[in-house]
Amino acid sequence: MEINNNIIDDNARLQKENWEFKKAGCSNKDHISLILQIEKKDKKLEKRDRIIDQLKIENKNSIQEINNRIDSILKLYRGQSNEIDQFKQEIYKLFNDKVEPSLKNIVLDSQVQNPLSEMQQENESKLLELQTNLNSDGGNGVHVVDSSSKESIAHLELENKKLKEEVAVQSSEIEGLRLQLGESHFLFEENTNLKNEIDKLEGYLRASRNIMKDQREKIRTLQSNK
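For the sequence shown, counting from 1, position 42 maps to 42 in my numbering; every step adds exactly one.
None of these hints come from the bench; they were simulated from the model.
Treat the numbers as computed from the prediction; the structure is a model and nothing was measured.
Just so you know, not all the hints are guaranteed correct.
Ranges of calculated distance between the beta carbons of each label pair, as one might list FRET restraints [to be verified]:
(1) Asn196 to Ala12: 55 to 63 angstroms
(2) Ser62 to Glu183: 32 to 40 angstroms
(3) Asp214 to Gln64: 16 to 24 angstroms
(4) Gln86 to His155: 54 to 62 angstroms
(5) Lys44 to Gln64: 44 to 52 angstroms
(6) Phe186 to His155: 44 to 52 angstroms
(7) Ala207 to Gln54: 53 to 61 angstroms
(8) Leu45 to Glu202: 54 to 62 angstroms
(9) Lys162 to Gln89: 56 to 64 angstroms
(10) Glu90 to Asp214: 43 to 51 angstroms
(11) Ala207 to Leu45: 42 to 50 angstroms
(12) His155 to Gln180: 34 to 42 angstroms
Every residue, glycine too, gets a C-beta built ideally from N, C-alpha and C.
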């Protein structure tokens, strides 16, 4: 812009000199010499005018290119902002869908497993007590087992078997949920780190947008001062 101003100043000076030569030519005897000098000055003025016109075109193209670049950056910023917002929603959804349910399931299954274990221990105690009583012969060496006792033993053994199976299933499910919870915690921690990086990126984008805004204002100011 400073080069353009210098050229414009030179152009004005040459025009002034040209006018002075023309004015002097009216009274100067060496009229032909003055005419030649005037023509030479006119050619310089024409050349300067062409340079000025070309620089104006180049400046206009440069300003348009800068504006297009600013628009492109702002468009990219808006697109990345939308992606960031969408990614944040995915992080929150992941936490709500996996981490919280896993915690609740572990608590519930633990509440179920504890009573089952207690029932199993109670049945085993009853079964052991019943078998001990049946094995007691009162010193005569004769074991008396009635049908009712047999049914009780069979019932307790069957119930105890079912309880063992249920406890085993519950233990397996709880272990699976613990693994899932560990994975969910890992994913959530990883996503938290990503969120921090995203927050930094948002800060950089905001700063870039402010810089682009300032540049655009400067360009508008320069255009208005032409």
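Against the structure, the hints come out as follows:
1. Distance hint for Asn196 and Ala12: a CB-CB separation of about 59 angstroms, consistent with the stated range 55 to 63 angstroms.
2. Distance hint for Ser62 and Glu183: a CB-CB separation of about 55 angstroms, inconsistent with the stated range 32 to 40 angstroms.
3. One distance hint, 16 to 24 angstroms for the beta-carbon pair Asp214 and Gln64, holds here, with the actual separation near 19 angstroms.
4. For Gln86 and His155, the Cβ-Cβ distance of about 59 angstroms falls inside the hinted range of 54 to 62 angstroms, so the restraint holds.
5. The hinted window of 44 to 52 angstroms between Lys44 and Gln64 is violated, with their beta carbons roughly 31 angstroms apart.
6. In this structure the supplied range 44 to 52 angstroms holds for Phe186 paired with His155, their Cβ-Cβ distance being about 47 angstroms.
7. Taken as a hint, the range 53 to 61 angstroms is violated for the pair Ala207 and Gln54, whose Cβ atoms sit roughly 36 angstroms apart.
8. For Leu45 and Glu202, the Cβ-Cβ distance of about 55 angstroms falls inside the hinted range of 54 to 62 angstroms, so the restraint holds.
9. The given range of 56 to 64 angstroms is broken by Lys162 and Gln89, whose C-beta atoms sit roughly 45 angstroms from each other.
10. The hinted window of 43 to 51 angstroms between Glu90 and Asp214 is violated, with their beta carbons roughly 34 angstroms apart.
11. Checked against the hint of 42 to 50 angstroms, the C-beta distance between Ala207 and Leu45 comes to roughly 47 angstroms, which is consistent with it.
12. A beta carbon spacing of about 37 angstroms between His155 and Gln180 agrees with the range 34 to 42 angstroms that was offered as a hint.
Hint violations for this structure: numbers 2, 5, 7, 9 and 10, all remaining hints satisfied.
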